[in-house]
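Using the sequences and the accompanying hints, generate a full structural model.
Protein chains: 4
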Amino acid sequence: MHFASDNWAGAHGAISERLSAAAAHHGPAYGASDLDKAVTGRFRQIFKRDDVAVYFVGTGTAANALAMTTAARPGGVAFCHREAHMIADECGAPEYFSGGARLCPVDGPLGRMDPEELAKAIARYPADFVHAGQPMAISLTQATEIGTVYSLDDIRAISAVAGAHGLPLHMDGARFGNALAALDCTPADMTWKSGVDLLSFGGTKNGCWCAEALVVFEPDRWPQLPFIHKRAAQLFSKSRFVAAQFDAYLEADLWLGLARHANAMAGALADAFRKAPTTKLAWEPAANEVFAVIDAATAGKLTDAGATFHPWSWPHGAGHDTDDSETLYRFVASFATTEDDISRLKALI
Amino acid sequence: MHFASDNWAGAHGAISERLSAAAAHHGPAYGASDLDKAVTGRFRQIFKRDDVAVYFVGTGTAANALAMTTAARPGGVAFCHREAHMIADECGAPEYFSGGARLCPVDGPLGRMDPEELAKAIARYPADFVHAGQPMAISLTQATEIGTVYSLDDIRAISAVAGAHGLPLHMDGARFGNALAALDCTPADMTWKSGVDLLSFGGTKNGCWCAEALVVFEPDRWPQLPFIHKRAAQLFSKSRFVAAQFDAYLEADLWLGLARHANAMAGALADAFRKAPTTKLAWEPAANEVFAVIDAATAGKLTDAGATFHPWSWPHGAGHDTDDSETLYRFVASFATTEDDISRLKALI
Amino acid sequence: MHFASDNWAGAHGAISERLSAAAAHHGPAYGASDLDKAVTGRFRQIFKRDDVAVYFVGTGTAANALAMTTAARPGGVAFCHREAHMIADECGAPEYFSGGARLCPVDGPLGRMDPEELAKAIARYPADFVHAGQPMAISLTQATEIGTVYSLDDIRAISAVAGAHGLPLHMDGARFGNALAALDCTPADMTWKSGVDLLSFGGTKNGCWCAEALVVFEPDRWPQLPFIHKRAAQLFSKSRFVAAQFDAYLEADLWLGLARHANAMAGALADAFRKAPTTKLAWEPAANEVFAVIDAATAGKLTDAGATFHPWSWPHGAGHDTDDSETLYRFVASFATTEDDISRLKALI
Amino acid sequence: MHFASDNWAGAHGAISERLSAAAAHHGPAYGASDLDKAVTGRFRQIFKRDDVAVYFVGTGTAANALAMTTAARPGGVAFCHREAHMIADECGAPEYFSGGARLCPVDGPLGRMDPEELAKAIARYPADFVHAGQPMAISLTQATEIGTVYSLDDIRAISAVAGAHGLPLHMDGARFGNALAALDCTPADMTWKSGVDLLSFGGTKNGCWCAEALVVFEPDRWPQLPFIHKRAAQLFSKSRFVAAQFDAYLEADLWLGLARHANAMAGALADAFRKAPTTKLAWEPAANEVFAVIDAATAGKLTDAGATFHPWSWPHGAGHDTDDSETLYRFVASFATTEDDISRLKALI
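Chains as they are written, first to last, in our numbering: chain V, 687 to 1035; chain H, 687 to 1035; chain S, 687 to 1035; chain R, 687 to 1035.
Some hints could be false.
Copies of the same chain are indistinguishable here, so a pair counts whether it falls within one copy or spans any two.
[Claimed, not checked] With a straight-line Cα cutoff of 30 Å, these simulated DSSO-like cross-link-like pairs (lysine-lysine) come out:
#: 1; residue 1: 966; residue 2: 806
#: 2; residue 1: 723; residue 2: 987
#: 3; residue 1: 961; residue 2: 879
#: 4; residue 1: 734; residue 2: 1032
#: 5; residue 1: 806; residue 2: 734
#: 6; residue 1: 1032; residue 2: 966
#: 7; residue 1: 723; residue 2: 961
#: 8; residue 1: 966; residue 2: 734
#: 9; residue 1: 987; residue 2: 879
#: 10; residue 1: 987; residue 2: 1032
#: 11; residue 1: 806; residue 2: 723
#: 12; residue 1: 723; residue 2: 1032
#: 13; residue 1: 734; residue 2: 723
Please keep in mind that the hints were generated in silico from the structure rather than gathered at the bench.
This is the structure in structure tokens:
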């Protein structure tokens, strides 16, 4: 019963096998292999356009930090939700890599930036007013850190603000597959057709062991990216081993199947929490993360039974302050979560 | 006949299998798993001391860049050989990560810094003279970029200079195993017993697909390293998959066996070049890289036969300038090089 | 009637004369002159301790940015009031100079951080939790950006929080003289005796034309500062011309006299706004800045009469939101403000 | 007899007076005053073109560092002479401000880069080869660090290399006036008409106390410079006091008169060293710095008589190594050097 995080899971068998198969052969280094190129082709197919560039990186933090570096301007400020991974969990990597850009927290309910709050935050940096600095990018997290998703309309509302200020729009898609499965739309719809310019595309949490990419639409706009990527120590010599993972991941919609499974398991979890007398859902989940209020006795029982999961801070604006007596917990389902895991948990609460 | 680079090879079967085995299980993320801890234990055993910290990273460039960041001072200057990987092949990553440190090239024959040249270079930065900046570290590459190695005495001569100036000594050990096999000494002898403080320990070129580490002796001296590591986007969520590779790599001296094999193959290659009428060795190799002068016809014949290898710039001070008529080529042997590869090449020259 | 800013004023005659006198002589460069040393002596006298180091810089932004650089840690976060100059008006200089440190806004009434809010903000960065980053410093602005001051008890409450977390305390004293005049205490009381470690000491706004300094107590704690200072391009070759200004400024308490005058003029201004039927004070001023609500007709009359002053955003938490019908204006008095200026303004409102 | 440096001199009377005059008045801050604008107009007149932008900074190091930051690219390398101030005397400021750019030393006789050596150095960074990094700028120092100057043909030879590689050309003109007086050409000829894009224009060493500027031709090419400037803490609030200095400096060719005087004094010094039996010129000076070989007895006699001057390292390639028995000394003349100083020195040697 592992619900601590989707990054506690191993790797899916098909991905693991493809990796092993690649291990048996020689191939050009630094992204020049046929497998590397084939995977770029897969991304182009998936996103339904030819001008897509793909930069493999080792962590989601790296993808985000490189996106911010790509968009950086002197005195630059990027806008993202107050609970965004970039703000809360990356040890200042985006600020560091970008040479000191600022991440400005924007509020909004349930992990999603409110477009009006976003516009107000940007308005504090008037054009050409050097004292304040200048806006440089907007970043949204899809799925969000608290298991919700932006609808296509939500994304377009954010991208309208970006467009009005001439700002590139970045999507942190560490759980891109889960969000896509939740929206049941195309990858193109959820990204460039809705105004996304730069995408952190995550495979690690959804069945790969280490496969993340910075995906860039209209790469001619960012000609420095090959150097930004290499300078950041993210150009793997045996790049084709990341490619091998993505190759299996993206083949025959494996990734979507894994994401749908994880979401379904999360849905079942949510159902359990909703119905149990000792627990309640903190809010409705949309992807593969479930947040629930659980009393101490029940939480202890779960832990004793070997379940892993984390207590969580109440998000800003959720109507709970820090000394609240209700304790929030996060449960994450993954490709490796089984129906048996859910049944056992259900039986305990 | 792949001699282009040791990073064109795949991964060793035992390492690949360990990775697949790890894929089947859940485990704590971010380096907290039992496997992560066990691997740190293996490093402690290998280096024969308890106060060793190990930070997994994705590339050798990352290991080097983090070492420089750890040693960084304002206006800091690190000294390394003119042909060092940090200077020639990392797109400025050490300078970038360290916030602008300078890499000062030091000359010396056959890829090794001359201790007197090193001392002279340091002398250009007198203590407390703020205008020049200040020395911050010395870095040596073992094995060197041109396939030679520092003897233990050589290392100690460099470390004496470091000690005289109170500077930490870093070793870029992207080919640590090959150097160790060449010297036939203990890892402790080649590192901390000879004055090395910070070590980039490479596994990728010697049979892993992605396993590099920054190894630190006396970690109490560098208390900020956990943050330096995370901020650099190098803390893998599924860290235990790097651990799995190292676990197999370090078990029962697999790594040394692989390195010895690669060196032996390089030795056989060197022998072939030494004896063939159409080729000559540029200098005697010590590890797994061989540099040879080959005439155009022979080089073409090799290429036609499917051999991969790269032309190379004559190193500074080798008595050849850029418009020299003699073309230098690099041949790299790896764990995956076979005796058959050597025989076929021999037959062609 | 110049009330736009204290940095619109010229320079005090005594300071200007001292500068001219220095112009007639040769002297060692880069801070080595007798005048440079004498001024450091003056600072030691004023702060009543011997271990004080003084680094001249060109702008208050430079002083603040160097203080943050001195305190920087990897993934570091500094805490300051939401309206702090570092956050609002320095184009990201502190983030840039420090290699990507984050400035975390802290709320509190009337421009002063609330110690409890501060403690809560710090608590979001638990010790040794690498994902979040780590606290590195606290910075308070004295006098604040909105013309109030921290009492000695206020400072000590902040410094208690700093002490509890082992964080250095920085004071942005761009208007140090005005704050000191307001509190009527000693410089030592307002700084190191109340826990301040690093001080941005401003002379420019109070009668110098360009004289700012980073003042450091217990300089042995920050041995890298000479290099940090030089690397930041802030070591003036003709440093003694900054020294000359400070020499006159600090002599015979000239600086305190100028600050008291500016504060008195601000007091008279406040009195005028308080009593006039068309205006009202936004809050009680303590130093040399006055914030008032003025109706459009009166504001226009003032502008027509040649008065300079700026509209201002309502500070966070002041109970006004952006589309408020009440317009806030800032009026700043300086050493050069005259009683005649006040009378003329009084007559107009 | 002050020959230690031109930055040991005070300030010229006319400049000092203009500064005092400005002190008596209020004026808009941050470069918005009429005086600031008038000075930009003066620069445009002097350089005979309208599209010139001028950014005042506090030190020559700041001007150079901002130029490098403006030209920076990821993994960027700037090429300058091995003895350039940026390499030898700025504590790594250009590397720091630019986010880790590298300064690549280029050799050439008498302080001037050899265009062929320059081209060879650039060739080590082939286009689109991410491993090496990429060229980003060329910088030449005019007058050079050792008192020579590039002729117009010399500058054009360098700028031809810059043009061939699409690189911006920066001129470090800390002693711009002295070089101009030596060449007796127009400022336009020595800069943009010969291919210079970015200019560090120094006034401090030639009679101002603190007046340096980054002068930019075709400012539309560098739209981020206002933010680069502010973020670097170089936007002075009382900017008009720098403007006041430049206003007097540039009026009626005062600056050229001062430079000609300094050069003439250096010429007289050189003549003295050339003729005296105990001294010899190291090489022919062109601007205001003179380098001479002096025996220990004579050097002691000069010091005893109160002369200030510095021993100097033999420049690379001058045919002297460090343990040479001939000691090199630098003597710098300035606007404040008098004929009496020269006569007294002459009498002593």
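Evaluate residue 966 and residue 734 at a C-alpha cut-off of 30 Å and name the case that applies: within, between, both or neither.
neither (41 Å within a copy, 53 Å between copies)
When no copy is named, should residue 734 and residue 1032 be tagged within, between, both, or neither for a Cα gap of at most 30 Å?
Result: close neither inside a copy nor across copies, 42 Å intra and 49 Å inter.
Within a copy, between copies, both or neither: which one fits residue 806 and residue 723 at a CA-CA cutoff of 30 Å?
Neither: 43 Å inside a copy, 33 Å across copies.
Treating 30 Å as the Cα threshold, decide for residue 961 and residue 879: within, between, both or neither.
neither (39 Å within a copy, 59 Å between copies)
Intra- versus inter-copy proximity for residue 879 and residue 987 (alpha-carbon distance at most 30 Å):
neither (47 Å within a copy, 51 Å between copies)
With identical chains, the pair residue 734 and residue 723 could be close in the same copy or across copies; at 30 Å between alpha carbons, which is it: within, between, both, or neither?
within (16 Å within a copy, 44 Å between copies)
Which holds for residue 723 with residue 987 at a C-alpha limit of 30 Å: within a copy, between copies, both or neither?
between (50 Å within a copy, 28 Å between copies)
Checking residue 987 and residue 1032: alpha-carbon separation at most 30 Å within a copy, between copies, both or neither?
For residue 987 and residue 1032, only the intra-copy Cα distance (12 Å) is at most 30 Å; the inter-copy one is 69 Å.
First find the shortest C-alpha distance between residue 966 and residue 806 inside one copy, then the shortest across copies, and answer within, between, both or neither for a cut-off of 30 Å.
between (34 Å within a copy, 27 Å between copies)
Is the C-alpha distance from residue 1032 to residue 966 at most 30 Å within one copy, between copies, in both cases, or in neither?
within (13 Å within a copy, 63 Å between copies)
Can you give me the call for residue 806 and residue 734, within, between, both or neither, at a CA distance of at most 30 Å?
neither (34 Å within a copy, 44 Å between copies)
Identical-chain pair category, residue 723 with residue 961, by Cα at 30 Å:
For residue 723 and residue 961, neither the intra-copy (49 Å) nor the inter-copy (40 Å) Cα distance is at most 30 Å.
Violated hints for the displayed structure, listed by number in ascending order: 3, 4, 5, 7, 8, 9, 11 and 12.
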